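Chemist: Residue numbers (the working numbering), protein chains in the order written: chain A, 47 to 316; chain B, 2 to 248.
Mixed in with the good hints there might be a few duds.
[Said to hold, decoys possible] Capping the alpha-carbon separation at 27 Å, the derived lysine-lysine pairs in BS3-like fashion look like this:
# : chain 1 : residue 1 : chain 2 : residue 2
1 : A       : 49        : A       : 94
2 : A       : 268       : B       : 134
3 : B       : 82        : A       : 268
4 : A       : 268       : B       : 214
5 : B       : 134       : A       : 279
No wet-lab data here; the hints were simulated from the structure.
Please read these numbers as outputs of a predicted model, since none were measured by experiment.
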Amino acid sequence: MSKIGNAIHEIHHMDLIAERDQWVNAIHPLIKFVITIVYIAVVVSFYKYDILGLAGMVLYPLAGFILADLSFKDSLKRLRIVLPLVCFIGIFNPFFDRIPVEILGIRMNAGVISMITLMMKGVFTVLASYLLIATTTIEKLCYAFRLLHVPKILVTQILLTYRYITVLLEEVNRVTQAYALRAPKQKGVHFKVWGSLTGQLLLRSMDRAGVVYESMLLRGYKGSFDYIGSKAKVRPQDIVYLLFWIAIFALCRKVPILVVVGNMVGGLFV
Amino acid sequence: MSHIHIDVQNVSFGYEKGKEILKDISFHGGENDAIGLVGANGVGKSTLLKLLVGLNTEYTGSIRVEEIPVEKDMLPQIREKIGYVFQDSDSQLFMSTAYQDIAFAPRNYGFPEEEVERRVQHALEMTGITHLKDKQIFKMSGGEKKLVSIATILSMTPDIILMDEPSIALDPRNRRNLIHILNSFDHLKIIASHDLDMILETCNRTILMADGKIICDGPTKEILTDKILLEENGLELPMCMQHPVIR
Ligand SMILES: Nc1ncnc2c1ncn2[C@@H]1O[C@H](COP(=O)(O)OP(=O)(O)O)[C@@H](O)[C@H]1O
Ligand SMILES: [Mg+2]
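Whenever a hint applies, use it, and build me the whole structure from the sequences.
Modeler: Pasting the structure below:
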């Protein structure tokens with residue numbers, strides 16, 4: 047499949063897994079959104095050398111992936127573009143920060159620690175966001191935004207952008223396929239036709255976006271999407287889910303939970 | 002239920018000033034009418050259908066759907082009564098699964114979720130695609146998409162159904178299935194097409210257009226068997242009426 051064909055497939059696939067009938071998917075979108083935001087805030091708030099404390103925060107994405115029955119391998123594949131990027135952020139820390147420190151009895155350069163911490167922060171943030179998207183459809187997410195009083199127009203914008211991405215990509219796919227079939231020996235598109243090709247693409251996708259919009263209008267669309275999906279109420283188990291994770295995050299923030307658990311388990315054997 | 006009707010009087014329309022696409026169109030469609038709108042490519046069939054649902058309102062003359070004039074302010078009421086099936090299913094369907102797409106309209110009209118579900122189920126049954134309920138649209142064949150498109154408007158329980166080239170891009174079996182389904186509806190139908198064989202099987206009345214005007218309006222059996230009339234207006238006899246030439 048072509049790269050664009052792949053991208054279209056990916057988007058459809060995310061829709062599919064977000065719509066699955068899973069326990070985590072059924073949790074109120076607002077609750078999941080709040081947990082994600084709190085999680086990210088807590089992750090970011092760790093001190094740059096507090097690598098052991100931060101490591102405890104792996105619990106949430108780990109548990110989330112298991113509960114939502116998401117394939118870790120597929121997810122990493124899907125995030126293969128983003129993850130290296132977030133990992134690069136701290137790459138120069140070891141050169142600037144050369145104070146030696148000791149962790150778990152190992153002497154290390156402080157810069158290395160802060161680099162790893164930064165990478166972990168990036169990866170955790172991405173994983174948590176992915177977890178949210180993979181278990182919540184865009185409609186439900188937008189519903190959560192509306193409950194948080196994000197302006198209607200902005201929410202509609204988000205939703206339509208999401209819907210139109212596939213429209214645009216499909217057009218790109220068609221045009222490039224048509225081009226490739228008639229220029230079999232070329233790799234990519236010759237620069238001489240870039241102009242007319244993008245022009246065509248713009249016109250065509252505007253045209254199609256126009257028809258999609260007409261189709262929405264004809265079916266009673268009145269300029270907002272906030273009624274989409276069941277107007278689910280927050281259930282008691284949603285609150286429990288929220289409180290549970292907030293408590294875990296608070297605990298992780300206070301004590302290096304992995305070390306504590308490690309000591310306990312170690313204590314059993316010694 | 003004799004209130005179901007559509008009234009078009011002296012309608013003219015052009016996308017650009019001074020270039021009229023539709024010229025002085027008048028006709029009346031009543032309950033149980035199944036009207037085939039035929040004509041060569043580019044005579045303005047699609048344009049006329051779009052006027053009927055108010056996708057363009059800058060026409061002159063008068064269009065009334067059940068006594069409601071098709072004007073900007075009236076569009077929500079009009080669109081509850083008319084379902085329009087686009088020529089291109091890919092543009093009509095924009096949600097991820099059949100269920101989501103069919104539920105779009107009833108949700109927009111603010112029905113509670115149980116009613117939405119009931120309507121979706123009913124629309125799926127009418128089009129015979131209950132098995133496609135949770136299938137993703139991008140994985141569907143052309144025929145399946147067409148039926149889902151029809152279901153998306155049935156869930157609004159419209160009085161009137163308009164279709165633009167519904168049989169185009171369907172293989173013979175899907176086409177036959179479509180004809181069967183269309184014949185099971187007792188709505189007022191207007192079907193624009195140059196698939197005259199389909200019109201012959203689904204419509205009791207035919208409006209023949211050429212050059213933006215209505216050339217004639219009468220029983221399908223008479224118009225679609227009139228070789229000279231059809232050929233004068235850029236069409237040919239339906240296949241089933243032609244003597245087969247087998248090479
Ligand atoms: N959006 C548009 N802007 C300008 N001209 C258009 C537009 N859509 C259609 N036309 C023109 O209107 C005429 C009738 O088109 P159409 O109603 O699509 O014909 P049909 O459906 O009978 O094939 C054609 O000449 C076409 O070029
Ligand atoms: Mg047309």
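Chemist: None of the hints should be skipped; say for each whether it holds.
Modeler: Outcome of the hint check:
1. Pair hint residue 49 of chain A plus residue 94 of chain A does not hold up; C-alpha atoms about 38 Å apart against a cutoff of 27 Å.
2. The straight-line distance between the Cα atoms of residue 268 of chain A and residue 134 of chain B is roughly 25 Å, inside the 27 Å bound, and the hint therefore holds.
3. The suggested pairing of residue 82 of chain B with residue 268 of chain A holds, with an alpha-carbon distance near 16 Å, which does not exceed 27 Å.
4. Between residue 268 of chain A and residue 214 of chain B the alpha-carbon distance is near 34 Å, which puts this suggested pair outside the 27 Å criterion.
5. For the hint pairing residue 134 of chain B with residue 279 of chain A, the CA-to-CA distance comes to about 25 Å; that is within 27 Å, so the pair holds.
Violated hints for the displayed structure, listed by number in ascending order: 1 and 4.
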